[in-house]
Structures are given as structure tokens and as C-alpha cells.
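Engineer: Those protein sequence lines, which keep their order, are chains A and B.
Basically the working numbering = 1-based index in the first sequence + 5.
Basically the working numbering = 1-based index in the second sequence + 33.
Honestly, I wouldn't trust all of these hints.
Stated by the list, open to error - The calculated DSBU-like cross-link candidates involving lysine-lysine, where the alpha carbons are at most 30 Å apart (straight line), are:
| hint | chain 1 | residue 1 | chain 2 | residue 2 |
| --- | --- | --- | --- | --- |
| 1 | B | 344 | B | 207 |
| 2 | A | 82 | B | 179 |
| 3 | B | 344 | B | 226 |
| 4 | B | 179 | A | 293 |
| 5 | B | 179 | B | 305 |
| 6 | B | 305 | A | 293 |
| 7 | A | 82 | A | 293 |
| 8 | B | 207 | B | 179 |
Hint data in this document are derived by calculation from the structure and do not stem from the laboratory.
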Amino acid sequence: MKKISVPQKNHWLARFQRSTHYGDIPWSALIIIASFLVLALVIAIGWMLWQQSADTRAQFGWSFILPTSNSVWDPLKGVYQSWTFIYGTLITSLFAIIFAIPISVGIAVFLAELCPEPLRLPLGWMIELLAAIPSVVYGLWGIFVFLPNVVVPVGQGLAAAFGQIPLLNTFFIGPIPLSGSSRLAAAMILTIMIVPTITAISRDVLLAIPNTQREAAMGMGSTRWEMIWQVLLPYGLSGILGAIILGLGRALGETMAVTMVIGNSLEATNSLLKPGSTMASLLANQFKEAVSQLHTDAMIEIGLTLFVITLILNLIARFLVWQVARRTPQEARA
Amino acid sequence: MTTTRFQELIAKNEVAHARRRRITNAVMLTITGLLTLLALVPLFWIVGYVIYRGGSTLNLDFFTQLARPLGMAGGGVLFSIEGTAVLTVLSCLFAIPPGVLAAFYVARNPNTPLGVALRFGTDVLAGVPSIVMGLFIYTLIVVPEKHYSAWAGGLALAILMLPVIIRTTEEMLKLVPHTMREASLGLGAPEWKTSLSVMFPAALNGIITGFLLAIARSVGETAPLLFTALGNEQYDLGTIVRGGIQSHQSLFAIIGRIINQPVDSLPLTLWKYAQQPYPERINQSWGVALVLMIFVLLIEIIARLYVESRKRALQG
């Protein structure tokens with residue numbers, strides 16, 4: 006009779022098999038170390054930028070980032086105030102968001118509620134492909150196609166419409182440069198770039214709303230639009246707000262496309278129709294040509310400001326999106 | 034007769050009200066459809082125009098020649114294609130091992146303090162502007178090393194790729210059926226073996242898709258390379274390798290020379306050429322834009338098709 010080979014306790018095979026179980030210790034150590042490495046990276050980014058900008062923080066304090074009527078950025082005299090660039094970043098992103106909100110929420114509503122089923126996926130993908138196009142390609146297309154054909158007429162229209170009205174004319178004082186390079190151009194390019202982000206998340210938020218909400222609204226005799234406007238959008242409001250804030254974060258940090266169309270002027274003006282600079286475009290333009298250590302440090306502090314702003318925005322956005330996810334029960338429609 | 038008159042008015046008003054509601058409904062729903070069309074306009078405009086302008090500049094020289102001095106016709110962007118390849122390989126080497134390992138951790142322990150912190154850290158990392166990553170690597174690597182280099186650029190791109198890799202790997206690991214994991218553990222396989230020889234192969238195709246998406250994202254990035262990889266029009270792998278072999282250098286020395294000097298990349302070249310006032314350079318930048326765009330969009334579409342089919346297959 007053939008003997009069934011059960012490994013004995015001290016047989017080499019049994020010892021080998023038992024010893025492989027010790028592999029769990031190095032394996033978990035490895036994945037925990039990798040996880041800590043990723044976390045350390047986030048902290049290190051903030052820490053390095055904080056440390057490297059120590060000199061400018063000591064020298065200029067809060068005046069570096071606080072609003073001033075005529076902020077000075079003079080590498081030759083060694084005086085640095087970044088309000089012009091912060092303003093440039095804020096105004097371009099703000100207008101981009103203002104343009105993008107109705108467009109992307111409208112698209113999200115269409116994709117989630119109205120679109121025929123077979124078209125939903127391809128249309129959604131096409132919108133999201135807009136986010137995949139490299140930003141330098143946006144910039145190149147912007148300079149040669151979008152600016153002369155779209156931005157200049159729009160800018161002239163805005164200047165004609167609002168240029169004379171008091172209060173509004175600080176933002177819309179013309180004329181827009183013939184090349185079209187202006188904050189308006191940056192805002193419009195940014196709009197195209199952030200629409201996919203806001204659309205995708207808002208659509209997912211709408212799709213996660215339970216069907217009972219729709220049925221209740223329809224049962225009360227509301228039209229489809231009333232259901233969307235009075236029930237679905239308020240229900241998903243915080244999620245959509247989160248999407249908007251994530252889009253804002255993307256707009257604030259976008260560098261290349263903005264640098265190529267904004268005109269890179271250091272002039273302190275409030276108008277949307279004039280060339281300007283953003284924090285990111287200043288870094289792209291001046292960092293390599295920094296004239297002194299202080300100049301470099303000042304720009305690293307601008308990077309730090311950008312990092313902190315996007316960090317805070319991300320926190321808020323995640324919190325809002327998370328709130329919707331928590332409130333929505335599991336039987337949400339697929 | 035006042036009551037009937039009043040009732041008539043109400044009835045009329047209600048008809049008008051209902052009509053207004055119907056019209057609002059139709060108008061607003063049409064607007065959402067039109068907005069969707071509006072958003073597709075830039076997509077087709079950009080893709081079409083880049084194909085039209087770039088298509089007329091592409092030829093064999095474009096891919097096989099180095100840059101010629103200004104004023105001379107012809108020449109290509111081989112230096113920048115090679116630079117992109119070197120940067121991509123380096124960034125994958127830096128980003129994939131920690132990314133995949135960390136994803137194994139979150140996939141298995143999503144609710145431990147470290148797991149929660151890691152997910153949050155990944156979200157933060159995904160939101161950090163890419164130019165800030167360039168600044169970070171500049172202060173961390175370029176300043177102490179005192180020179181720009183390909184590997185500094187690779188590191189900056191790797192930080193950019195990490196969140197994408199962690200997220201897609203985590204999702205793909207979660208899609209592997211529980212039963213497979215339990216079967217393996219039940220047969221007595223230790224945890225590490227289950228992870229490496231059951232979970233990993235089952236999720237491998239999806240994980241590779243994640244790598245592709247990460248590469249697609251990093252290939253188009255310029256901002257993190259501005260002050261890390263810098264750009265280098267004289268870069269030529271062929272010359273470096275041939276020179277190294279002729280002077281009997283070791284393999285490590287040759288690799289060191291490849292990764293320890295500044296390199297160009299396609300988007301960096303595009304940016305520099307687009308700012309120059311010479312028409313031939315502008316034309317070449319359209320060519321670069323076309324190559325970049327096709328590469329990125331193809332990867333994106335293939336990867337998405339694959340992920341979608343896999344989700345369907347696994348979730349039924």
C-alpha cells in the first residue's frame with residue numbers, strides 16, 4: 006500500500022512551509038512603510054516650502070500676502086509683495102468658476118436625468134476627455150485660435166457693455182489688447198479646463214440621489230424641471246458645492262495654459278480685460294531667472310501660499326462630498 | 034355674479050400657470066442639452082485644429098532628427114522624445130513600488146488610522162498644484178545637488194502619478210472577489226503569498242491600466258519640469274551610449290550620465306517653441322502638440338474602455 010506522504014513535524018518541507026508564514030511580518034512592514042512614505046511626502050512638501058521661505062516671512066511678514074492698493078514686486082530693490090499675483094489668481098479663478106457653474110451643472114443634469122441611456126456614457130467620456138488634453142496644448146490653441154476668434158470679441162463686448170457703468174468699470178475697463186492676452190482669456194481657458202471636473206462629480210452626486218425623491222416629486226405633479234430645480238439640486242447641493250470647490254482648486258493651480266494666454270504683465274490694475282499674472286504664472290516665468298536668494302525665497306513663499314490655499318479648499322470640498330455620501334442611503338439607484 | 038367672474042379668473046389663471054410651467058420645463062431642459070453641445074465644441078475644435086496644423090508638419094525627420102540651429106529648415110524633436118521616454122521610465126520607477134504597496138495597505142485596512150490618513154493624504158496630493166511639486170523637488174533635490182537633472186524631473190512627475198496609482202490600484206484590488214482571497218487563506222497560504230500570488234495577478238490588468246492613466250497624466254505635464262528637468266536640446270541617448278561604450282565606461286556610469294543631466298520633454302519643448310517668433314518653430318510646436326495629444330487621448334480611451342468592461346464583468 007502506498008504511503009500517503011504527510012509531512013512530519015520536523016520534515017524540511019513542513020519547516021519550510023511554516024517559515025513562509027514569517028513572510029507576513031516583512032510584508033506588512035513593507036506596505037506600512039510605503040504608506041508612511043506617501044504621508045511623509047505630503048508633510049514634507051509643506052515643511053520644505055515653509056523652511057525655504059523663512060527669510061521672506063521674517064522680512065515682510067503678513068504684508069507679503071495682504072491686499073494693498075499698490076503692491077510692489079521689485080527684485081532689483083529687494084521689495085516683495087505678492088498681492089498683484091494673488092489678485093490675478095483670485096480674479097481669473099473666480100470668473101472661471103462663475104462661467105463654469107451654470108455650464109457644468111446644466112451638463113450634469115442633462116447627463117444624469119435626461120440623456121438617453123446609450124448616449125450617457127459616450128457623452129460623459131467626451132466631456133471628461135477635455136480634462137485629459139495637456140494644458141500646454143490648451144495654451145497653444147488659446148494663443149493662435151481661441152484668443153483672436155473668441156476672447157477679443159467677447160472682451161470688446163464686455164468693455165462696451167460695462168465699461169461706463171460706475172463700480173463695474175473697475176473690472177471691465179477696456180480696451181482689451183489686440184492679441185487677446187488678458188485675464189479674461191485666462192478665465193475663459195480655465196472655464197473649459199474645469200468644466201469636466203465639476204461636471205463629473207456633480208453628475209455622480211445627482212446619480213446617487215435615491216429614486217424615491219424623484220418619485221415623490223413627480224407624484225406631487227411637478228414637471229421634470231421643477232423636480233430637478235426644487236428637489237434634486239437642493240438635495241445634492243453640498244455635493245455640487247464640493248465639486249465646484251474642487252474645480253476652483255484646479256483653476257487656482259493651473260500654470261501652463263494661463264501663463265501662455267494671460268500676458269504676464271506685472272502692472273497693478275483691477276481690470277479683467279488687461280494682461281496680468283497669477284501666482285503660478287509668475288513662478289513659471291521668473292523662478293529660473295531669479296536675481297537673488299531673496300527673490301527665490303519670495304517665490305517659494307508664493308508656492309507655499311498656493312499650497313495652503315489648495316489644501317484648505319480640498320479639506321472643505323472633501324467634507325462636503327463626504328456629507329452627501331453619508332446622508333445617501335445604500336439603496337441609491339445604480 | 035361676482036363669484037362666477039372670480040372663478041373664471043382663477044380658472045384662466047390656472048390654465049396660464051400650467052402653461053407657464055410647461056414652457057419653463059421645455060425651455061430649461063433644452064438649455065441643459067444645448068450646454069452639453071456647447072461643452073463639446075472646444076473638444077472638437079482643439080482636436081480638429083491640432084490635427085490640421087500638426088499633421089502638415091509631421092514627417093520622418095520630426096521623429097529622428099535633433100534640433101537644427103534657428104534659421105535652418107528641417108530638424109526634429111528627437112531630443113525631446115528621448116527626454117520624455119527617460120522621464121517616464123524614471124517616474125514609473127519612483128512611483129509604482131510605493132504606490133502599489135500603499136494601495137495594498139488601504140485596500141485591506143481602509144478604516145485604521147493610517148488607512149484613513151493615507152486616503153486623505155492621497156486626496157491632498159491629488160489637489161496640490163503641479164508647479165508646487167516642481168518647487169518642492171527644486172528645494173529638495175536641485176538645490177543640494179546644485180544642478181538640474183532628469184531624475185529630479187522624474188521624481189516631480191512621480192509625486193504627480195502617486196495619487197492616480199494608489200487610487201486605481203486600490204479600486205482594482207477591491208474588485209477582486211472576496212472568495213478568491215478566502216480560498217487562498219483557507220488553503221493555508223500566508224497573507225503575503227495571498228496578496229502577491231492571488232490578489233495581485235487577479236487585479237494585474239486593472240492595475241496596469243492605472244499605470245497607463247498615471248503616465249497619460251504625467252506625460253502632458255510641464256509645470257513640474259520647469260525647474261527640475263529644465264530642458265536640454267543637445268540631449269541624445271545615442272551619443273551618450275556610443276560615447277560610453279567607446280570609452281569603456283561601466284553600465285552604471287552610462288546610466289548615470291543619462292539621468293544626471295537636464296533633459297527636455299515634449300510639453301516643455303512645445304512651450305519653449307511656442308514663445309519663439311520663428312514660424313518654423315511654431316509649426317514644430319503644433320507637431321509636438323499633435324503627438325502629445327494623440328498619445329494622451331489614446332491611452333485615456335483604451336484605459337477607460339478596459340476599466341468599464343472589467344467593472345461590468347465583475348459586477349455583473
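Engineer: Tell me, in ascending order, the numbers of any earlier hints that this structure violates.
Structural biologist: Checked against the structure, the only hint that fails is number 8, while the rest are satisfied.
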